[in-house]
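Colleague: One-letter residues, chain by chain:
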Amino acid sequence: MKHELFPWLILFLPLISVAVITLFTLRSKMVSSLISIGAVSASFILTVLFIAANGFHPEVPGDVLNWNWLSIDQLNVDFGLKVDALSLMMTLVVTGVGGLIHIYSYGYMHDDRSLSRFFAKLSLFTFSMLGIVLANNFLMMFIFWELVGISSYLLIGFWFEKPSAGDAAKKAFITNRLGDFGFLFGILMVWGLLHSLNFSELQSGVAAGTVTLGASATIAGLLIFCGAMGKSAQFPLHVWLPDAMEGPTPVSALIHAATMVAAGVYMLCRSLFLFDHGALQVIAYIGGFTSLLAALMAMQQNDIKRIIAYSTLSQLGYMVMVVGLNGPTPAMFHLTTHAFFKALLFLSAGSVIMGMHHEQDIWQMGNLRKKMPITFWTFLIGSLALCGVPPFSGFYSKDSILAQAIDQHNYLLFGIATFVAALTTFYTFRLFFVVFLGKEKSKAAAHAHESPFVMTGPLMVLAVFSVIGGFIGITNNFESQFAHEHESLTMMQQLLEPFHKPIPMCLGLGAVAIGFFAAMSIYKDAETDPLPARLGGLSKAMANRFYFDELYEATVIRLHDFIAAVFDWIDRWILEGGCIGLIRGGTDFTGRALRLMQTGNLQTYAFLFVLGVAVLLYFVL
Amino acid sequence: MNASLISLEISVIGLGLVLMLADLFMPAERRKFLGYAAIAALGVLLLASFAGCGSCSLTGTAFHGAFVNDGLSLFFKRLFIIAAILVLFVAVEFSDRLTAISEYYSLIVFALAGMLFAASANDFAMLFVSIELITITFYVLVSFQRNKLASLEAGVKYLILGALSSAFMIFGIALIWGTTGQLNFTELAAVASQFADSKIFLLGVLLVLVGLGFKIAAFPFQIWAPDVYQGAPTPTTAFLAIGSKAAGFVLLMRFLFSAIPSITHSHALSTMLIIVSGITILYGNLCALPQRNLKRLLAYSSISHAGYLLLGVAALNANGQAAILYYLAGYLFTVLAAFLVIALVLRQLETEDVSGLAGLNQRSPLLAATLTIAMVSLAGIPPLAGFFGKFLLLKSVVEAAQTTGNPGYYCLLFTALVGVVISLYYYFNVVRAIYWSKEPKDVSPIEMSGAAKLTAWLCIAGIFALGLFPNAVLNFALLAVGGLK
Numbered sequence: 032m033k034h035e036l037f038p039w040l041i042l043f044l045p046l047i048s049v050a051v052i053t054l055f056t057l058r059s060k061m062v063s064s065l066i067s068i069g070a071v072s073a074s075f076i077l078t079v080l081f082i083a084a085n086g087f088h089p090e091v092p093g094d095v096l097n098w099n100w101l102s103i104d105q106l107n108v109d110f111g112l113k114v115d116a117l118s119l120m121m122t123l124v125v126t127g128v129g130g131l132i133h134i135y136s137y138g139y140m141h142d143d144r145s146l147s148r149f150f151a152k153l154s155l156f157t158f159s160m161l162g163i164v165l166a167n168n169f170l171m172m173f174i175f176w177e178l179v180g181i182s183s184y185l186l187i188g189f190w191f192e193k194p195s196a197g198d199a200a201k202k203a204f205i206t207n208r209l210g211d212f213g214f215l216f217g218i219l220m221v222w223g224l225l226h227s228l229n230f231s232e233l234q235s236g237v238a239a240g241t242v243t244l245g246a247s248a249t250i251a252g253l254l255i256f257c258g259a260m261g262k263s264a265q266f267p268l269h270v271w272l273p274d275a276m277e278g279p280t281p282v283s284a285l286i287h288a289a290t291m292v293a294a295g296v297y298m299l300c301r302s303l304f305l306f307d308h309g310a311l312q313v314i315a316y317i318g319g320f321t322s323l324l325a326a327l328m329a330m331q332q333n334d335i336k337r338i339i340a341y342s343t344l345s346q347l348g349y350m351v352m353v354v355g356l357n358g359p360t361p362a363m364f365h366l367t368t369h370a371f372f373k374a375l376l377f378l379s380a381g382s383v384i385m386g387m388h389h390e391q392d393i394w395q396m397g398n399l400r401k402k403m404p405i406t407f408w409t410f411l412i413g414s415l416a417l418c419g420v421p422p423f424s425g426f427y428s429k430d431s432i433l434a435q436a437i438d439q440h441n442y443l444l445f446g447i448a449t450f451v452a453a454l455t456t457f458y459t460f461r462l463f464f465v466v467f468l469g470k471e472k473s474k475a476a477a478h479a480h481e482s483p484f485v486m487t488g489p490l491m492v493l494a495v496f497s498v499i500g501g502f503i504g505i506t507n508n509f510e511s512q513f514a515h516e517h518e519s520l521t522m523m524q525q526l527l528e529p530f531h532k533p534i535p536m537c538l539g540l541g542a543v544a545i546g547f548f549a550a551m552s553i554y555k556d557a558e559t560d561p562l563p564a565r566l567g568g569l570s571k572a573m574a575n576r577f578y579f580d581e582l583y584e585a586t587v588i589r590l591h592d593f594i595a596a597v598f599d600w601i602d603r604w605i606l607e608g609g610c611i612g613l614i615r616g617g618t619d620f621t622g623r624a625l626r627l628m629q630t631g632n633l634q635t636y637a638f639l640f641v642l643g644v645a646v647l648l649y650f651v652l
Numbered sequence: 002m003n004a005s006l007i008s009l010e011i012s013v014i015g016l017g018l019v020l021m022l023a024d025l026f027m028p029a030e031r032r033k034f035l036g037y038a039a040i041a042a043l044g045v046l047l048l049a050s051f052a053g054c055g056s057c058s059l060t061g062t063a064f065h066g067a068f069v070n071d072g073l074s075l076f077f078k079r080l081f082i083i084a085a086i087l088v089l090f091v092a093v094e095f096s097d098r099l100t101a102i103s104e105y106y107s108l109i110v111f112a113l114a115g116m117l118f119a120a121s122a123n124d125f126a127m128l129f130v131s132i133e134l135i136t137i138t139f140y141v142l143v144s145f146q147r148n149k150l151a152s153l154e155a156g157v158k159y160l161i162l163g164a165l166s167s168a169f170m171i172f173g174i175a176l177i178w179g180t181t182g183q184l185n186f187t188e189l190a191a192v193a194s195q196f197a198d199s200k201i202f203l204l205g206v207l208l209v210l211v212g213l214g215f216k217i218a219a220f221p222f223q224i225w226a227p228d229v230y231q232g233a234p235t236p237t238t239a240f241l242a243i244g245s246k247a248a249g250f251v252l253l254m255r256f257l258f259s260a261i262p263s264i265t266h267s268h269a270l271s272t273m274l275i276i277v278s279g280i281t282i283l284y285g286n287l288c289a290l291p292q293r294n295l296k297r298l299l300a301y302s303s304i305s306h307a308g309y310l311l312l313g314v315a316a317l318n319a320n321g322q323a324a325i326l327y328y329l330a331g332y333l334f335t336v337l338a339a340f341l342v343i344a345l346v347l348r349q350l351e352t353e354d355v356s357g358l359a360g361l362n363q364r365s366p367l368l369a370a371t372l373t374i375a376m377v378s379l380a381g382i383p384p385l386a387g388f389f390g391k392f393l394l395l396k397s398v399v400e401a402a403q404t405t406g407n408p409g410y411y412c413l414l415f416t417a418l419v420g421v422v423i424s425l426y427y428y429f430n431v432v433r434a435i436y437w438s439k440e441p442k443d444v445s446p447i448e449m450s451g452a453a454k455l456t457a458w459l460c461i462a463g464i465f466a467l468g469l470f471p472n473a474v475l476n477f478a479l480l481a482v483g484g485l486k
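Chains E and F are the protein sequences, given in the same order.
Here my numbering is used: the first residue of the first sequence is 32, the next is one more, and so on.
Here my numbering is used: the first residue of the second sequence is 2, the next is one more, and so on.
Bound conformation, chain E alone (with noise of 0.2 Å):
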């Protein structure tokens, strides 16, 4: 293997970035988002001469890339790293959009009065994904999982002094903790069972037969899958994601469309040799759910970037659903190319909102096709890879998980994923008229502008990717991750692949094209939203999110609150008042009592002295 020391510094590079910006750089804006930038942008390149000289699959010799942090007894615990096509594809995303999403950043946050801190946190947060996706153990993942949890808290919540930031961040950082705390018993399990929390050992051991979890198979699965239930906004941890809107675009182009929230995801391709048939079945249905559940709710949202989020949820439901369907390939495979068109998607929306000085209503713009042009484009795009039109990229890895639903005999979520599919062309197009298209809806609308090149450029980059990612060989990558044998596709063979599987893919071009002109009825010059009029109830339940965050409130919140209660009352009467207060008062006075022995006068001290003496020698003799 050549260049050993890259992944460490394709991990550590942001790490310094965090360190050198809040120590040194806080004041000078430039300076800091120039250092953020550059970390990132070096993970980038080193990331590509690492896989330009090693290839994808690296020989990694024995101890390189691992160092022994901590071995208690039996408990081996390494701070390692494991390169493989899974974890340096994933490294090539989370660097590379991450990277532009750091330039757009600095167009779109440039007015910010902390800029620094938010680079800060930016880098912060790159290092913890970094670490995820490098991670060769389960703790050490579990450690950087945390920290992608602290980050995205800091991020979500930047602007602290609006009270929803605030709030939108604890519940982010709350929610993902319910998962986390599933996720660190699954590991305990494993570790319990398998004496082993490395990846490459498990997977060895588990396909060798040496290990086996046995009959507890389907709990520690689940167990596990309750840390991307949390990270990935499954069902029903989903609350967290669309108030996370609340942090700045960036952050939710970064957080929520192209990597944290592709943790969950990339963890389960990770371990996926440790679950069942039980637990995929689960995690397959709950993904399912999950889809048609956020899709439906996006019908009825009038914020852009709610929209998004939700469309976000949809999307991720999708990946989990196939990973359960026992298909890591399509799943990552639509992983990346969601990373871009999503990340494209946010940030136009982004664009949109900066022209449209930051009205975030739908219902307050239109026809910003002649304003924003570049904007439009690239939007126009995003919404087409989102939709899954030919050739764009979500089209390929899209119909590759509808392939898959059928490969597997599942009708039922194959179904569901179908209806999904026209959902979202008619939420994305929904979307699109509205905004882009008709009439200025308000005189904000009337004065937009096009946003700065250090904007725009990346969204170019952005939707260059979004159009050809569906077959510059990415499945191949990933296929010679999970399949025991693949050839490698061609190009031309990649733009063909969806033809021999022709039932799903003319169910899912049928499912676009019914939710494309459901939209342009529908919304094609619409001034207001005519869909409330006609579904009534429903309408009103999918704008109210289906009421789940009262259900929560009503119940969880409620019971825990009264819990809260009832401890406080234990600790504060029964602990602190009876408990510590005794002991307390006890040594205290103890200690006062004794400092009367020392009174000062010598003669006493000799007598004492003596009388210790004496004691002594009676107590021994």
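Just so you know, these hints were derived from the structure itself, not from any lab.
For glycine and all other residues, C-beta sits at the position ideal for the given N, C-alpha and C.
Where hints are given, some of them may not hold.
With beta-carbon atoms standing in for the labels, derived distance ranges [to be verified]:
hint	chain 1	residue 1	chain 2	residue 2	range
1	F	G179	E	V646	23 to 31 Å
2	F	E188	E	F638	50 to 58 Å
3	F	W178	E	A645	20 to 28 Å
4	F	E400	E	I588	47 to 55 Å
Rough simulated footprint, nothing fancy, chain E against chain F, three-plus residues with beta-carbon under 8 Å [as the list claims (entries may be wrong)]:
hint	stretch
5	216-228
6	261-274
7	466-477
Position chain F relative to chain E; hints supplied.
Modeller: What follows is chain F alone, placed relative to chain E:
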């Protein structure tokens, strides 16, 4: 006999004499620099002992086995020299409050010589002489601020109680010699088991322990410590807290594990050690609770630390003995860091009250950090030296409990943990006074000389280095206690 074995001691005594003579020729305003000269000379000796040049690190015995150079003595000699260097730094900072400063330096160096002899003592005569050399120089060092009543009072108390303990000890030595006819530790070890049932012999052993218990301020012979620590000049207190205590411990270990190992491992004596250790820990920590005077607080804290160190003695195993050595090394930097800050901060103040630290973090962030780190290390919080030392001591007690099955060890363990919890309160009270005092009266910055800054950084580095990379010192300590039983 190989006289070159004592070249280190000879050099140190020579240094003390040179310092006294130099006082005659040196103009008064430049005498402060004699301190730096002494530091430099001791630094050279320390380096020599590490580099192994000359005969500083030779092993062997001299004076018919009365003087022994081995790993244990080498460990302690280096410890004493480092302590003396740091104490001299504090003394230089303190010099404006003392008259006849060069005498003060030379007395520190003479006390150091006593400690070096103590580290090598393998004979009751050597033990007694070295203890007296240390104690008598300390009588003078304690009462050195002749214009201060408290200092004189402390000197008198130390003198009388010290004399009392010496009387007990010499009586004990006489009894041991009377029953066994041996003064040399190695020869005594060969015959001690025959006298296990002799009450007279046991009485002698106990009386020697009384004398050593006085040196280390273990219960019930701790009574002098608070008054003397409080009244003595700060550098003296610092040297008393680390140098004198460490000398007491090396003699105690030699006596218990090299001269009378068979008696030490008997039930009566080991039970006594457990009880004394437990009570000392509790006594020190409980009395420190209501203390507001910083030096007195540290005196009680020093009593409790004597108790912790006795854990390693009571454990009666090699790990415990090595833990003592390690703990003393960490305690050295921690205590000297604390006394350095006290010497500098309380310079202008009449009181030595904790409230004098108010606003220190604004007046001098370095001093505030130094004292905080020292307190946190004394409280035993990772990753500092104090934590790892306590961890090793407690671990040795657990091992002893497992091997002997004596439930007393579990009680001792529990007592030690309770003591640690109590100590958190008063150590963090000091930290609170530094950072969270309301409306500090004086916010003028504290001037620090370069040497003071260097000392502070040395202490901080020592505390962190021992806490983070314990292996080097620990391995040396394990090697050093190899000769003990």
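Colleague: Take the hints in turn and mark each one as holding or not.
Modeller: Here's how the hints hold up against the structure:
1. Look at G179/F against V646/E: about 24 Å separates their beta carbons, and that is inside 23 to 31 Å.
2. Checking the proposed 50 to 58 Å range against E188/F and F638/E shows it is violated: the Cβ atoms sit about 38 Å from each other.
3. The supplied range of 20 to 28 Å is met by W178/F and A645/E, whose beta-carbon atoms lie about 23 Å from each other.
4. For the hinted restraint 47 to 55 Å between E400/F and I588/E, the CB-CB distance of approximately 50 Å keeps it satisfied.
5. Given a C-beta distance limit of less than 8 Å, the hint that chain E covers the stretch 216-228 of chain F holds, as 7 residues qualify and 3 suffice.
6. For the stretch 261-274 of chain F, the proposed coverage by chain E is satisfied: 3 residues have a C-beta within less than 8 Å of a C-beta in that chain, meeting the threshold of three.
7. For the stretch 466-477 of chain F, the assignment as covered by chain E is violated, since 0 residues bring a beta-carbon within under 8 Å of that chain's beta-carbons and 3 are needed.
Of the hints listed earlier, those the structure fails to meet are numbers 2 and 7, in rising order.
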